[in-house]
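4 protein chains.
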Amino acid sequence: MTNPVFAALGRPFRLGIVGGAPPSMIGPVHRIAASMDQCFTLAAGVLSSRPERSRAAGVAVGLVESRCYGTVEDLIAGERARDDGIEAVAIITPNDSHARYLKLAISAGLDVMIEKPLCNDLGDAKTLRELAASTGCAVAVTHTYSGYPMVREMRARCLAGEIGAVRLVQVEYLAGGLATAVELGPDGHQRWRLQPERSGPSLVLGDIGTHAHHLVSFVTGQPFETVSADVGALHPGRKVHDVAQVRFRLAGGIRGQLDVCNAAAGMSNHIGLRVYGETGHMEWLHRRHNELAIASLNGEVRVIAAGQPMLTADAQHSSRLLHPGHPEGLHEAVANLYCGLADMMLARRGHATSGAPRLVPTIDDGVAGLAFVMACLESSARDGAAVFLGS
Amino acid sequence: MTNPVFAALGRPFRLGIVGGAPPSMIGPVHRIAASMDQCFTLAAGVLSSRPERSRAAGVAVGLVESRCYGTVEDLIAGERARDDGIEAVAIITPNDSHARYLKLAISAGLDVMIEKPLCNDLGDAKTLRELAASTGCAVAVTHTYSGYPMVREMRARCLAGEIGAVRLVQVEYLAGGLATAVELGPDGHQRWRLQPERSGPSLVLGDIGTHAHHLVSFVTGQPFETVSADVGALHPGRKVHDVAQVRFRLAGGIRGQLDVCNAAAGMSNHIGLRVYGETGHMEWLHRRHNELAIASLNGEVRVIAAGQPMLTADAQHSSRLLHPGHPEGLHEAVANLYCGLADMMLARRGHATSGAPRLVPTIDDGVAGLAFVMACLESSARDGAAVFLGS
Amino acid sequence: MTNPVFAALGRPFRLGIVGGAPPSMIGPVHRIAASMDQCFTLAAGVLSSRPERSRAAGVAVGLVESRCYGTVEDLIAGERARDDGIEAVAIITPNDSHARYLKLAISAGLDVMIEKPLCNDLGDAKTLRELAASTGCAVAVTHTYSGYPMVREMRARCLAGEIGAVRLVQVEYLAGGLATAVELGPDGHQRWRLQPERSGPSLVLGDIGTHAHHLVSFVTGQPFETVSADVGALHPGRKVHDVAQVRFRLAGGIRGQLDVCNAAAGMSNHIGLRVYGETGHMEWLHRRHNELAIASLNGEVRVIAAGQPMLTADAQHSSRLLHPGHPEGLHEAVANLYCGLADMMLARRGHATSGAPRLVPTIDDGVAGLAFVMACLESSARDGAAVFLGS
Amino acid sequence: MTNPVFAALGRPFRLGIVGGAPPSMIGPVHRIAASMDQCFTLAAGVLSSRPERSRAAGVAVGLVESRCYGTVEDLIAGERARDDGIEAVAIITPNDSHARYLKLAISAGLDVMIEKPLCNDLGDAKTLRELAASTGCAVAVTHTYSGYPMVREMRARCLAGEIGAVRLVQVEYLAGGLATAVELGPDGHQRWRLQPERSGPSLVLGDIGTHAHHLVSFVTGQPFETVSADVGALHPGRKVHDVAQVRFRLAGGIRGQLDVCNAAAGMSNHIGLRVYGETGHMEWLHRRHNELAIASLNGEVRVIAAGQPMLTADAQHSSRLLHPGHPEGLHEAVANLYCGLADMMLARRGHATSGAPRLVPTIDDGVAGLAFVMACLESSARDGAAVFLGS
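Protein chains in written order, with full-length UniProt numbering: chain V, 1 to 391; chain X, 1 to 391; chain E, 1 to 391; chain B, 1 to 391.
Quick caveat, the hints were computed from the structure, so don't treat them as lab data. Even glycine gets a Cβ: it sits at the ideal position worked out from N, Cα and C.
On the chain E side, residues computed to face chain B include the following (Cβ under 7 angstroms): (1) D230; (2) Q257; (3) G384.
Non-contacting residues of chain E with respect to chain B, defined by C-beta distances greater than 12 angstroms in every case (computed): (4) I26; (5) D74; (6) D121; (7) A160; (8) R191; (9) L194; (10) G221; (11) D314.
Covered by chain B, according to a simulated footprint, are these stretches of chain E (three or more residues, beta-carbon under 8 angstroms): (12) 174–184; (13) 273–284.
When you get a sec, could you build the whole thing from the sequences and use the hints?
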């Protein structure tokens, strides 16, 4: 893996970060991932919405104090005033702030990495998509799991017809974090997720449903056409959604089932994806993320793994350890998304890119995710009636 | 495992068999399973609907020629005329003949092991249930997978509250036999399955959907209350159903998802069952049928296996090899159903039974399976609308 | 699977059984396995060395009382006097009685299935081999694991050169039954194993070491040439061996390692076998006995399974359920050995056999096993010095 | 994970790197790992022994040109002359250069991360240990696999007595890189490994044998006492060792087996470690590196995983993603070693450390590894005779 940013600029892109103060889980993930391949260097930030905390947290992760800001507005203004100001920003704050921060960033001409869901309102999402298009800003959405080499391998083989025409898809994303009444507990930093006004129209669908939705379209190359959904709460008395069962059809009449739940007791961020075609099927499991299983009509299963020489270019470009049996993980998957953002930024600036295929999820995927969420909610409100997704 | 039939009668029960001539797959399964524990001995049969073939096939499996009959009517009449006539009959013929043969058998006072689905018509099923009740005949339905020790262990632990109140169930049964256009091929002995008038109202639901349905109710102890289904064909142009996606609620509001397909390319009779409760979940997979995984809230997974000393009586009674690491398989699972039938027959005759819990599926389960099939078809015809199942 | 015995004789072979009264584990295994395919019918027996117990146990498993004998001598004499006397005998008694009973059986012209180890003394083993040769009696040794279809598949592919010339073999057999001081416990029926004078020169090597030894030679087709061994007891103060580590070379200079232990706490009859060749390796695990993994040079692993259409004739002939995903188990593995014995008996009598390849372990394998045990003991006594195995 | 270096110094330690120019595999690993937690920043280097290549490679990874040196002597001199000179150096060059570079570094008072094996000569190793002791320099050895959280968990539980007294250990490290005649191929950058004068007294033992050796002592807390080994080449005509089978005893009489091979066709850096105690055993597999399996006497297996709340402090301190189901990998394992080195450096300088347990392998482990290699070679030369390891 060579570094196209160094080649073009002689230095990494300068990244500002919004959100991620301790005890955030994704804060360190983005900081490690962005800098892993030296495509980005962390240069400024608003780590917390509380100015004092923002400054302390920023210094603790290596920022110079003068570039630890108290608000996003200050970040943008302060950095714009510098010769070495940030060129991109990572937005990893609670969902309800996404639309506002994204609008500020794009309006300032900054390129963006933003956590899913893109925002909490489909109308906002479409408006932001237009704004991004008009400014030319690159916007990447952190659909982490599409950054794994073997998910990309699955997509490449699927699109190349390795299992023939696709007929059926099964995806599930099952987590256990909400299996108990965490609403009543002391786990403050996740409290916002349990407030509908902050986490958005559907916690489970926005939080993990959009990941599952994106995986399906990413791997098959097909958009969702209709959904029939039942969305609700497993945990008695819960005010936010923690379970959704979605039957769907993709373009071309492909059938599918998507099950997501974050109250599945005992599940540790389990994701499973199976795609069935005419001549076999493929399966990817998050807990065996470096492997891809490919079954033939006769039942024989081939297991291939990251780093092996027979992989497609998509997987090779997404691996640092090109020696089979040397495992990468989640940080590298997110780093692959940052590499994709860097390529978009290089292209925007007229520089040569890495040459890797453009696989990073963009604002279009973010909008599609929101449209999926809203269609599921409409179907569920109408007792499972089939709902068509607009474009 | 002691033999309660020997203890009571000094000999095994005498079994007649209807169906199962080569190249039937389930013929040998039933013959091996019935005789494995010496609860039954194969005494007579109509192995094929063609008299010559019936005779040849019967002799080849060890029947005396005079007890190889050409029709079920002859079997019943011939055996009734003997002092050592059959006491039970196994019906393992194509679906469309089930109702007629079952009626003949019950009317003659014979006890019965019958392959699923019970029959092709819900009205017939209910009538037969009444007839069985009025005659006192024992009727067992071959829901094979409920005969595995670790499925029974799962049920015992679920009912004992090991994972708290059940909240969510996922079951899938995916096979690949119809992934290609077998309609056009030479595989004659399965041809009847592809004729709707023989295989019944829904091939996939009758064939494997009823198995999945039974597993859910067996393990949770709860009946189905509503279904929302999409039933159809993955394979283009197919006239029978090969796929069904069923969202359901059990009594008590338990959510669930049932996916069955016999055109899932590359799948080898895959069955997976997960039950989630308040404090953990349990998972059983057919391809690891001797194991049961139990996950705790904290994500720790305990894997227990057939033959281990900590298992419940239900699993212990269902195992011959009470030494961990010595695998049993499908024959033994079916043999466990025959042991259950033998116990019902002993009880009917006033003898002591094995003392094992009564776990064998009965005609009530068969009727419930048919009701499930019909409700799914109605929901699918109404575009996925929720359909309530009657009692 | 057709039954060649019926085809030749119109009935199964009549089998006598020596040993296996409750609570024996292998008693039911042999009775179920021998009769599963109707190649044998259980006709007489000496189930226990105590006449009363022998009679009660025999009747409980379906023998007529007059054919439940008190001694092997009586069994042979009694059966010889009948027109329908036994034609073969299964010897499944403690190790120290093997030589005497085998001699009696062969001398009476009976064919034999005998549990491993063949006997406790290498000299006796060789003498018995000569006696068997001179009488023409068929003698099969119950090396159970070579009866699994996927072990036979592994052998077939290995001999066909699928992984090129073999270079390295790893085999391990690890069980936990002796992890605690069972010597001091109440588990009476296994007590004889802990008495060196009964279990033979080395408990662990005779009990499970010979299984591992046979698997290696069976799959590679190569005899052992040298061993370097350390044999002893993991459990402090134990008088019998419970662990052996054996480095070996096969004919042709193939390197290998064999580790056996029956005091490996927490292990449930774990057996693992890997064979490495020039272009890949193959792995079989007992706990996944219906699968075989084949790895290529590039690290890709293909998993094939019992019942699949691409298997060799050796595996096909060894399966009853020729539908992938329908699991068989240990009973069927032993039944495959009985089918092999039946074929030997048919050939001896001039009848057509099943046509299946001759894969059942014979007295030659039994002698080789004893020679392996004695060589390991000699090496261990000489501090691991390499010891050559005679022929 | 907080950063104790920032807390103490307000900046990361400055690291120089020796070796690792493309196409080195471990070059990027060390650069990513060292900087991941911001305990180190890459400040200078000699990436190649060819000055031009060293400069180009250094600039490509973000070094300023003036700190890309042509020799280690220049690196040390140049950095010593700066106020912001390096404080530590990573030595990741071919084995035959280790002793010389390590001596230079220690003599200059630099702390060191050095790749295994420590060097190619046991005498040199001991001399260097003395030198390090006299200077007070911290020396960490890159025994990568001991940096995985679940290996550390295994050690913590083993030392805490979770499985009682340890009785048996099995370790294997099997790779396939030398399965073919790579000597004859174009893979230049690994060519030095195949030259005995560069790779040292035993390629396989130095390369991966020392890793396996360290894992055993790390997890059990016990040193090796005796070995009986057979070391050689699987590949015909090979001049370096590619296979070693080592039977061993640890202090306290614990038995063990260590098998290493880098010509095991189809193996992708497979490492397996099992430790058996009185009341159970534990197993760790590299390809499931985020999991640890713990088996009880009754055969029940508990699988625990990185990020779960019940883990010991040793594992918690070694994870960044404290959310179960979010996988880390090899980079993080090596980063954990760098964190350990940072703690040693902080302690040397009188600063507060992270408070994490001191788990990083040191020069003592490096010396023990060399002693193990030499004892195995002596045993192999003496036909497997037991050889005692000195202190």
